[in-house]
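*Asks:* One letter stands for each residue in the lines below.
There are 2 protein chains.
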Amino acid sequence: MLPIQNNIGLYTDHYELTMAQGYFLSNRHLKRASFDYFFRKNPYKGSYVVFSGLSSLLEMIEAFHFSPEDCDYLLSIGFQSSFVDYLRTFRFQGNIHAVREGELVFPYEPTLRVEGTILETQLIETLLLNVLNFESLIATKASRIRLAAGDRILMEFGLRRAQGLGGVHASKAAVSGGFNSTSNVFSAYYFDLESSGTMAHSWIQSFDDELEAFRTYAKHYPDECTLLVDTYDTLKSGIPNAITVARELHQQGHELAAVRLDSGDLTYLSKKARRLLDDAGLQHVKIVASNQLDEIIIQSLLSQGAPIDIFGVGTSLAAGKEDAALDGVYKLAHFDGTPSIKVSENIAKMTLPGIKAIHRFVDQDGLFGADGISFADEPDYEFIHHPTDPHKQKEISKYTKESLIQEAMHDGKNILSKQTPAEVAQYTQKRLKQLTEEHKRFLNPHVYKVGISEKLQQNRNDLAKQYLKKDLF
Amino acid sequence: MLPIQNNIGLYTDHYELTMAQGYFLSNRHLKRASFDYFFRKNPYKGSYVVFSGLSSLLEMIEAFHFSPEDCDYLLSIGFQSSFVDYLRTFRFQGNIHAVREGELVFPYEPTLRVEGTILETQLIETLLLNVLNFESLIATKASRIRLAAGDRILMEFGLRRAQGLGGVHASKAAVSGGFNSTSNVFSAYYFDLESSGTMAHSWIQSFDDELEAFRTYAKHYPDECTLLVDTYDTLKSGIPNAITVARELHQQGHELAAVRLDSGDLTYLSKKARRLLDDAGLQHVKIVASNQLDEIIIQSLLSQGAPIDIFGVGTSLAAGKEDAALDGVYKLAHFDGTPSIKVSENIAKMTLPGIKAIHRFVDQDGLFGADGISFADEPDYEFIHHPTDPHKQKEISKYTKESLIQEAMHDGKNILSKQTPAEVAQYTQKRLKQLTEEHKRFLNPHVYKVGISEKLQQNRNDLAKQYLKKDLF
Chain X
3 MLPIQNNIGL
13 YTDHYELTMA
23 QGYFLSNRHL
33 KRASFDYFFR
43 KNPYKGSYVV
53 FSGLSSLLEM
63 IEAFHFSPED
73 CDYLLSIGFQ
83 SSFVDYLRTF
93 RFQGNIHAVR
103 EGELVFPYEP
113 TLRVEGTILE
123 TQLIETLLLN
133 VLNFESLIAT
143 KASRIRLAAG
153 DRILMEFGLR
163 RAQGLGGVHA
173 SKAAVSGGFN
183 STSNVFSAYY
193 FDLESSGTMA
203 HSWIQSFDDE
213 LEAFRTYAKH
223 YPDECTLLVD
233 TYDTLKSGIP
243 NAITVARELH
253 QQGHELAAVR
263 LDSGDLTYLS
273 KKARRLLDDA
283 GLQHVKIVAS
293 NQLDEIIIQS
303 LLSQGAPIDI
313 FGVGTSLAAG
323 KEDAALDGVY
333 KLAHFDGTPS
343 IKVSENIAKM
353 TLPGIKAIHR
363 FVDQDGLFGA
373 DGISFADEPD
383 YEFIHHPTDP
393 HKQKEISKYT
403 KESLIQEAMH
413 DGKNILSKQT
423 PAEVAQYTQK
433 RLKQLTEEHK
443 RFLNPHVYKV
453 GISEKLQQNR
463 NDLAKQYLKK
473 DLF
Chain U
3 MLPIQNNIGL
13 YTDHYELTMA
23 QGYFLSNRHL
33 KRASFDYFFR
43 KNPYKGSYVV
53 FSGLSSLLEM
63 IEAFHFSPED
73 CDYLLSIGFQ
83 SSFVDYLRTF
93 RFQGNIHAVR
103 EGELVFPYEP
113 TLRVEGTILE
123 TQLIETLLLN
133 VLNFESLIAT
143 KASRIRLAAG
153 DRILMEFGLR
163 RAQGLGGVHA
173 SKAAVSGGFN
183 STSNVFSAYY
193 FDLESSGTMA
203 HSWIQSFDDE
213 LEAFRTYAKH
223 YPDECTLLVD
233 TYDTLKSGIP
243 NAITVARELH
253 QQGHELAAVR
263 LDSGDLTYLS
273 KKARRLLDDA
283 GLQHVKIVAS
293 NQLDEIIIQS
303 LLSQGAPIDI
313 FGVGTSLAAG
323 KEDAALDGVY
333 KLAHFDGTPS
343 IKVSENIAKM
353 TLPGIKAIHR
363 FVDQDGLFGA
373 DGISFADEPD
383 YEFIHHPTDP
393 HKQKEISKYT
403 KESLIQEAMH
413 DGKNILSKQT
423 PAEVAQYTQK
433 RLKQLTEEHK
443 RFLNPHVYKV
453 GISEKLQQNR
463 NDLAKQYLKK
473 DLF
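Read top to bottom, the protein sequences are chains X and U. With our numbering as the guide, the letters of the first sequence map in order to residues 3 to 475. With our numbering as the guide, the letters of the second sequence map in order to residues 3 to 475.
Treat the hints loosely; a few may be bogus.
Claimed, not checked - What follows is a list of derived Cβ distance ranges for each label pair:
no.	chain 1	residue 1	chain 2	residue 2	range
1	U	Leu237	X	Ala350	12 to 22 Å
2	X	Ser419	U	Leu213	24 to 34 Å
3	U	Leu27	X	Ser419	40 to 50 Å
4	U	Leu213	X	Ile349	24 to 34 Å
5	X	Asp367	U	Glu61	51 to 61 Å
6	U	Leu213	X	Lys420	43 to 53 Å
7	U	Glu61	X	Leu32	34 to 44 Å
8	X	Asp267	U	Thr402	39 to 49 Å
9	X	Ala350	U	Thr402	51 to 61 Å
Said to hold, decoys possible - As a list, the in silico DSS-like pairs of lysine-lysine whose alpha-carbon atoms are at most 27 Å apart:
no.	chain 1	residue 1	chain 2	residue 2
10	X	Lys323	X	Lys396
11	X	Lys47	U	Lys273
12	X	Lys351	U	Lys273
13	U	Lys273	X	Lys442
Hints listed in this document are in silico derivations from the structure and should not be mistaken for laboratory results. Using N, Cα and C, we set each Cβ at its ideal position, and we do this for glycine too.
Generate the whole structure from the sequences, applying the supplied hints.
*Replies:* Shown next, in the form of structure tokens:
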């Protein structure tokens with residue numbers, strides 16, 4: 003049954019191990035390296051990412067080791083015994099600096115930096131990308147749905163369509179991105195989330211008629227009764243039966259909590275259902291809607307005045323549709339005391355050298371103005387430069403400067419204080435309020451400005467020249 | 003560290019548990035039920051799905067239980083002690099019939115059927131959907147990439163962009179769908195796959211120059227040396243340095259295995275690289291290509307004559323892009339001795355009642371002609387009827403009839419013989435040869451015919467009439 007925690011050393015790409023063995027056999031493995039995590043493209047055609055997965059990652063890195071079983075396996079597939087012996091006692095002992103979990107971040111920002119020996123920094127690459135890319139993808143989606151839904155209640159329903167065991171962290175990231183609860187009981191248990199859920203169509207079908215099904219449910223759940231009303235005919239059967247049960251509950255001193263619509267035109271049905279409920283004096287009964295929802299559909303429903311109080315969102319959230327993946331990468335930025343870059347025929351794909359910091363420049367209203375990337379040991383800078391267009395720069399001296407990078411792991415030990423997903427969500431919601439509306443628009447959002455310091459620009463250009471001396475065009 | 007196997011009873015949607023408790027408290031929990039698994043829409047705009055995940059599912063169902071820890075948690079969130087006590091010794095003891103792992107299946111076919119008490123059949127719903135939907139999504143993608151790549155070697159590289167722990171089963175499903183190997187060492191270990199991988203750009207960057215990086219790698223891996231040639235300049239630096247190392251290896255009695263292209267125009271670069279290698283007498287050095295590949299891009303590269311021998315495919319495979327999810331559902335079809343349906347305002351979403359079988363009608367050349375769905379205890383039928391259009395039918399008496407459904411679990415015990423993903427892949431490849439080309443086309447493939455028997459059609463219509471007696475339009 004997938005004992006990942008027993009074999010976590012194997013949770014990596016094969017090439018991390020061939021490289022690690024190569025470093026080890028050529029006695030280069032203790033040279034110091036620094037890698038950056040960053041992504042190039044916002045998901046969902048949006049303008050930002052909610053950086054997520056840091057706490058999961060630190061936990062997994064602390065646990066990262068090679069069991070005797072792992073070592074036997076590596077020997078069996080051809081790794082050399084001197085290297086495997088080194089792995090037997092291997093633990094990651096490097097340092098990690100990162101932005102806070104739940105921070106809003108933007109393309110090309112080195113949001114997380116790993117420093118240590120080349121062997122240890124290389125070995126954790128796959129694990130790191132796997133965790134950060136996915137949780138950030140889902141938290142970002144959740145934050146968009148939260149933007150669309152305003153203060154309404156949001157329930158995550160996606161485990162059945164999640165990507166296998168990916169559903170475990172999907173539910174966590176959904177809550178840290180702004181959802182109120184999840185249907186996923188395992189994740190609720192493991193990450194201290196609220197779980198929720200009531201009935202499927204099969205409950206209704208297993209009774210002779212809908213009213214009996216509703217009554218039986220209400221009998222056992224009188225104070226938390228949400229009735230699914232679309233099994234046969236929402237307006238002619240489901241809602242009238244729900245009203246009957248609501249009245250019976252009321253006579254017994256309870257109140258029906260909600261009805262759930264799971265098919266049909268949700269604007270049309272929610273308006274009609276609201277009217278029927280209100281006419282029956284059931285103004286307190288809430289309307290839950292589900293069925294292939296996402297932020298765009300929720301925005302459309304609400305703009306048409308659909309009186310929906312609670313949304314259940316499944317597939318598009320838990321699987322991060324339409325993107326399915328965040329393209330985050332992990333690139334060597336400093337090696338053996340020297341800044342390093344990967345050049346490219348495309349300047350936009352050239353990496354930024356050295357040990358870097360990120361600053362956020364906030365205006366007097368508390369709104370984000372722009373971000374700057376500089377060397378970590380660089381003094382204040384007055385301008386940020388467009389990363390690829392040498393003609394564009396922006397003065398940032400009138401803004402208040404926030405430092406975004408903090409140490410998260412020191413000598414292999416997680417030094418962050420533990421936060422629940424709900425606490426992370428609070429921070430993200432606060433930060434989203436500091437991002438101007440035009441960056442939060444779903445359709446063609448305004449691009450958020452991220453620039454680099456002059457010193458960093460100069461250093462990158464100097465390094466690039468060393469490599470790009472041949473005729474490249 | 004995510005001890006899923008210790009808390010597998012919680013790996014479910016909350017509503018499965020509220021319904022299970024409701025059945026239990028109303029003493030209906032031992033009534034017999036039968037649920038069908040099926041999907042409505044092919045992923046990737048294709049015409050078929052590779053049914054996958056059966057062995058994973060059976061393993062998880064056999065392990066499914068509620069630990070003391072799980073029970074404490076359920077009590078803490080409000081479940082009643084009599085119900086939780088029932089769960090303490092709960093084990094799934096029902097029967098499962100399904101098509102073979104790796105079978106080609108089509109929309110609306112009940113590819114898997116679960117029979118047992120309503121409580122046990124309901125409780126495993128989420129787990130079942132989570133596993134089957136995801137592995138089928140990925141195996142289907144892999145099969146499409148295999149169709150595009152012909153006999154070339156395919157390596158799965160996606161763990162870094164996979165949906166968290168979803169990567170574990172993604173790699174397995176990639177191989178059962180037709181890939182030769184994976185980069186994911188954990189999955190290779192756990193599922194007995196071949197893992198592969200050599201070097202990243204960081205390996206090259208960590209040396210003073212590319213040639214030294216290549217030489218060092220070749221020294222440690224003289225017989226399995228694939229050199230990544232695009233760190234600085236593929237044609238002016240990477241390939242010439244690879245040729246130098248190939249000659250040095252040859253003098254030492256070894257041969258360079260391959261070069262890998264990971265950026266730029268892969269047709270242009272592979273043609274130029276092939277020419278340079280051939281001119282150097284290195285016809286045996288293979289060309290590996292990677293970088294955002296999928297079946298459409300591979301088909302395009304090969305149609306332009308790109309001399310690529312090996313493809314590495316990551317994100318689009320491991321995350322099942324562009325769909326990210328298969329929409330498989332689990333619907334009650336028989337309850338307490340009686341066929342059951344969920345009606346709908348849309349006839350295409352109405353379920354098929356009863357305990358059913360699937361037959362494949364194969365022509366004299368061994369090609370698939372059509373599939374039929376009937377009651378399991380129904381004698382031979384001569385016509386299949388379009389499931390929603392009453393005017394369309396097809397005679398199938400001239401075809402050879404194959405029964406697709408077999409028993410996979412009996413009284414809660416897995417009764418299938420164990421198969422490796424490579425064995426499953428062989429079956430899928432054999433079946434793909436029986437599917438005509440027009441169904442395998444990527445652009446607007448021909449829809450494969452799936453019909454229902456007259457008896458099934460009649461029964462469904464009769465049941466529907468009972469519910470749809472009111473004015474529905």
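*Asks:* Enumerate the violated hints, using their earlier numbering and listing them in ascending order.
*Replies:* 2, 10, 11, 13
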